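Colleague: Chain P is fixed; fit chains D, Z and B onto it per the hints.
In the order they appear, the protein sequences are chains P, D, Z and B.
Residues are numbered in the numbering used here as their position in the first sequence, beginning at 1, plus a constant of 805.
Residues are numbered in the numbering used here as their position in the second sequence, beginning at 1, plus a constant of 805.
Residues are numbered in the numbering used here as their position in the third sequence, beginning at 1, plus a constant of 805.
Residues are numbered in the numbering used here as their position in the fourth sequence, beginning at 1, plus a constant of 805.
Just so you know, the hints here were simulated from the structure itself, not pulled from any lab data.
A portion of the hints provided could be inaccurate.
In this list, chains with the same sequence are indistinguishable; a pair is considered to hold if it fits within one copy or across any two.
Said to hold, decoys possible - Simulated pairs of lysine-lysine, DSSO-like, Cα-Cα distance not exceeding 30 Å:
no., residue 1, residue 2
1, 1077, 1182
2, 1168, 937
3, 1168, 932
4, 946, 969
5, 1031, 1182
6, 1077, 1023
7, 937, 1159
8, 937, 969
9, 945, 1138
10, 946, 932
11, 932, 1122
Given the structure is predicted, the values throughout are model-derived calculations rather than measurements.
Number of protein chains: 4
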Amino acid sequence: MSGILERLDAGEIVIGDGGFVFALEKRGYVKAGPWTPEAAAEHPEAVRQLHREFLRAGSTVMQTFTFYASDDKLENRGHTQRFTGRQINEAACDLAREVANEGDALVAGGVSQTPAYLSCKSEDEVKATFKKQIDVFVQKKVDFLIAEYFEHVEEAEWAVQVLKTTGMPVAATLCIGPEGDLNGVSPGDCAVKLVKAGAQIVGVNCHFDPVTCVKTVKLMKEGVEKAGLKAHFMSQPLAYHTPDCNCQGFIDLPEFPFSLEPRILTRWDMQKYAREAYNAGIRYIGGCCGFEPYHIRALAEELAPERGFHGLEMHTKPWVRARARRDYWENLKPASGRPFCPSMATPDGWGVTKGHADLMQQKEATSEEQLKALFDKASKGH
Amino acid sequence: MSGILERLDAGEIVIGDGGFVFALEKRGYVKAGPWTPEAAAEHPEAVRQLHREFLRAGSTVMQTFTFYASDDKLENRGHTQRFTGRQINEAACDLAREVANEGDALVAGGVSQTPAYLSCKSEDEVKATFKKQIDVFVQKKVDFLIAEYFEHVEEAEWAVQVLKTTGMPVAATLCIGPEGDLNGVSPGDCAVKLVKAGAQIVGVNCHFDPVTCVKTVKLMKEGVEKAGLKAHFMSQPLAYHTPDCNCQGFIDLPEFPFSLEPRILTRWDMQKYAREAYNAGIRYIGGCCGFEPYHIRALAEELAPERGFHGLEMHTKPWVRARARRDYWENLKPASGRPFCPSMATPDGWGVTKGHADLMQQKEATSEEQLKALFDKASKGH
Amino acid sequence: MSGILERLDAGEIVIGDGGFVFALEKRGYVKAGPWTPEAAAEHPEAVRQLHREFLRAGSTVMQTFTFYASDDKLENRGHTQRFTGRQINEAACDLAREVANEGDALVAGGVSQTPAYLSCKSEDEVKATFKKQIDVFVQKKVDFLIAEYFEHVEEAEWAVQVLKTTGMPVAATLCIGPEGDLNGVSPGDCAVKLVKAGAQIVGVNCHFDPVTCVKTVKLMKEGVEKAGLKAHFMSQPLAYHTPDCNCQGFIDLPEFPFSLEPRILTRWDMQKYAREAYNAGIRYIGGCCGFEPYHIRALAEELAPERGFHGLEMHTKPWVRARARRDYWENLKPASGRPFCPSMATPDGWGVTKGHADLMQQKEATSEEQLKALFDKASKGH
Amino acid sequence: MSGILERLDAGEIVIGDGGFVFALEKRGYVKAGPWTPEAAAEHPEAVRQLHREFLRAGSTVMQTFTFYASDDKLENRGHTQRFTGRQINEAACDLAREVANEGDALVAGGVSQTPAYLSCKSEDEVKATFKKQIDVFVQKKVDFLIAEYFEHVEEAEWAVQVLKTTGMPVAATLCIGPEGDLNGVSPGDCAVKLVKAGAQIVGVNCHFDPVTCVKTVKLMKEGVEKAGLKAHFMSQPLAYHTPDCNCQGFIDLPEFPFSLEPRILTRWDMQKYAREAYNAGIRYIGGCCGFEPYHIRALAEELAPERGFHGLEMHTKPWVRARARRDYWENLKPASGRPFCPSMATPDGWGVTKGHADLMQQKEATSEEQLKALFDKASKGH
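Bound conformation, chain P alone:
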């Protein structure tokens, strides 16, 4: 099995997974607020199942569920630990590897920003925090490392420097938008710093929606190229629309974290994201908070050589069968109240029920001809 750099060097598309803390919070295994990953040790079946769903959806990387699994974070704000950081990191590596082996996926060990840095601890202290997690990753033989979710490029550089000591490939993503990190360092400068620190793959994750993230990675790519450096690029955005965010992203929205639902991206928004990321030269394309397995599936489908619309053509209602085509979904303006969309929709429904020919039981597959008749009917405003 080829490694992450071999794949990217060969021009392959790498499909990442989605964010575990949000998905598992909704499933009842993570607490909003601390957002820490004890479930890796305490409820392995739930974490394994989520890994498996992402794998089946098309992810080719399984990230260890080690977000915020540094000892200082686990202790933060009165959180009573039932598991040591080491136990959590080990369990997370085992789960990722178990599921990765069910398919053609790589395992990536991940570290993220620390309370130590925010509390102005020294570079050595912050690096020591990363080192403890890295030791587990080395011992568990993950395939590569990711330093992700950093708001300050300085801390990310420190992380990359620690990760590089392992000799493994290193990716680094900041949770920043086009305005740059929290100290105002531009995306281009951030990317240059990360590459110089040793990262072979750079980009962004979390905090902003796909549109904003692709825009930010473009700025990073320009920065890297202007500096005469080379890197691969990745993006793992939110599955939430964030057109109204400031530099710190969705954390600052008044709806964070319990009323974000109206902002969730549809699978068609995701296909658009996949295409735009690809066109921008990004080849490691995944997601973060808000992503469910079907969002990853949409990314994978958009970038797969062949796709179809199997399923909807077997729906009971004929006007829903008439939606079994890409252009219907591409052109739909969902009733979302977003600036270019209305806030309410006009129901379809063709006024037929029991007994109508279109509703009859049919054992043969819906034929192309039957579908065409429905598409025509629909496009005539029924």
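Modeller: Coordinates of chains D, Z and B only, in the frame set by chain P:
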């Protein structure tokens, strides 16, 4: 362990679960269009995990994943079967029972509307279809039966009549709104027919949002009481806002089924639903399509005697800690574009980063006093 | 010149005018709050000009600007009178007649609800208040009388009874919606009471938008017909959208009266109103608060036998010339944020400027052929 | 009476008037499309009345109604002329002077962009077109000249050069936004060119909303100051919200010109504009298309030393009297569907009618104490 009727007769609240076909479609185990439950036999680990999440969230009923598991539906529109109806129904019963035993939950065997009825098959033929599923439920010793998701009350009556032959308690829910079934039979009349057919619990499921479903069940209750009959009442609505639906509900919305995201209810919408359903005299309160485990958790929490806001007070950002209180979420108008909500939000964010006192690492739990200071700061528009 | 009843009996459409208090408040001649018509005496040139604009737009009735011109209202809440009620009523009659004579228009003397009634004065006292205005209308020989803007049908009946003593035709309109008057008397019952009191024309004015007013007059018509009575019907709605009003109409909206702008109807909303009112059997079709002369012009054009789109085809920009057709405007969903409309628009603009063929000076009228080319270009989304 | 430059040099605020073509189109005296000012000659009473309304609202400049009154424009696209350009320009000057003399207002003669320029006529030909209008202005002794509504700075420079030959003060406004003129010349560069051509007052008019116009004039001011030049600044924006416009402004919006209503600014938007323009150093503050007299009144009131809320405290309904305070209107988010506003409102209304103490007739003025009681009642959400 007491049965469903004992619980309801004693005035207990029964928390239902959420809809499996939509939740498992998003996880990659159900195909949109057919919406059939082969996963019960093919991917038991995924179905078991979802049952478990609902149980942990507070559900006290595990419905067998047998929606559309009648033989005629499994064959409909060219669907090639890898499993017999019997295999699927049996596997579904085993999974529900396994997880129910992990807690204090009941198992309910469910049947739903059939293509046979829509295709104008005879009453005997339609009833024979239900009978095949019931035979499995009897053999597997489920605790009670549910006839759910019927658009025509006549077919639901036939189902109830078959279910009653088992001697088990019977619940019946139609997927209708205040305008009644697809033939225009009013909710009140529908409920009377179902009770007369033998159902001890009646109500609605699917097709409409909580507001609409509670309204419809109220009309059912009025009808039953006016007829001098008695019954328990249940509602298992969508987790999607549907203010703009016609009589056939969300199926007819142009966004069905792939762009419903902007309509998803928040957990705070759910708490409101739980309270309103309770106030309307509904005691079996659950959900259907769109419900994720955290939605059920919100219902259970709202109706539990004691609740808290554990979690958010440990968030890194102080302005998010300042949201660790119910009134913040109750009064929030999320940027959803719905009629009384704006479509964009103004980010919070208090303009502090690394080094600020509010961001320091802290090993002790956040104190009440610390929270009060944050709440005050927030209410001053910071 | 034939009278109002002759016209209506002959099946003619009568186009009313728009509301003077709102139009003149915006022009600087009426004070919001008191809404009284001293301008008739103090600034006759402004009132005359507005009459003339409505006449030129197609109004066939000039209502005297005597709204709230009863003595008790003029004195209400500390308003210092510079003119007696008689002076104002006389001046208003003179102005209406002067402009009516410039065209084929009738003059209608109007009375409206009184503080006397709200303050629980006796029937005799309230009637005496109306009588003082009527005396002027008789002396000034107006063509017919209108009792308008009544929230309580009882007071309107009293007004009609006073008006009938003149022998002139009497119209009566309440400012109510489908829920009826402020005491809950239904529109049907209200209409019957007014007809029995002697009104030959009944309907509604003010407080609600055209959709709501047409709906209310339909209920009135049903009531009158069910009672075996006969009447003509009229509607003079607001030019503001009011889908969110309660029984007391736009007065209660938080935007009343200084932030109603986003609710203003377009001329295309008006054409729809004219057609729907006509189809509902309403033949006296006019407007109230918010109407500007161009709104009346839209009503008149919609109901005129022949119409064209003269004007836009001479606009400088070719993409605006491409809008010189009814279907463009009929199908446009203006960026209004209303439930079925987006809140923002995507600009047109064909990316041409100085020097482009489409922008050249042209002395000949735009030809049909030139327009067709532009319409085609526009419909190609370009 | 002091001239325009004396006033501005002394630091006085000059309040402009609103746009005549849109206001008179709505009143029935201008045709949408050609937008030409024949009404000055044909319907002087209507033009005089509009001048007077602006004067009474607080305008201290009366602009001659000579927009698009160049001979080439009057002939454009098959427009049959009933009046010569000279007749129209003369009549417009007489009307402006007549009304200006009713108050302390100045008369400004205006020229605007020509079809000659768009059709690539030579500089001499274009200048000759301006010259014909200027000759009338000189003869009629206007107080100063305005070159307004230019999309290309080059044409505006030519106009200024012609205007300067009169020796009168010259103002010049482009209809551009922050992106600059249609050839991409930046606002700063445009302003420098206009000042160098001889304009003493520069700024923008039409095409964009106040927010955008103030932003653009700020850029102009920066450009002028950076170039070491001096000028006075003016803005005469639309009364339509245009957050979604491209470089050519509202002309390109699909709603132009017949469905712009949902975008109309409220008087409270106007007060905000007046304050922001003032704070940006703009001292000639007026309006363009969409402005009605009450909009100008709002500008004048905001910038007057003393203001009150006379009027609303005399409204019949007590909950409307409770709106007789600035903070109510400043904090209101009108139901406009714009991004930060909801699309529907919740009606107020205190559930009282005939007979309630708050509704009683009262001859004395509403007292401060009475108002305070109402304000309190309202702020208690009731």
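Colleague: What hint numbers does the structure not satisfy?
Modeller: Hints 5, 9 contradicted; others consistent.
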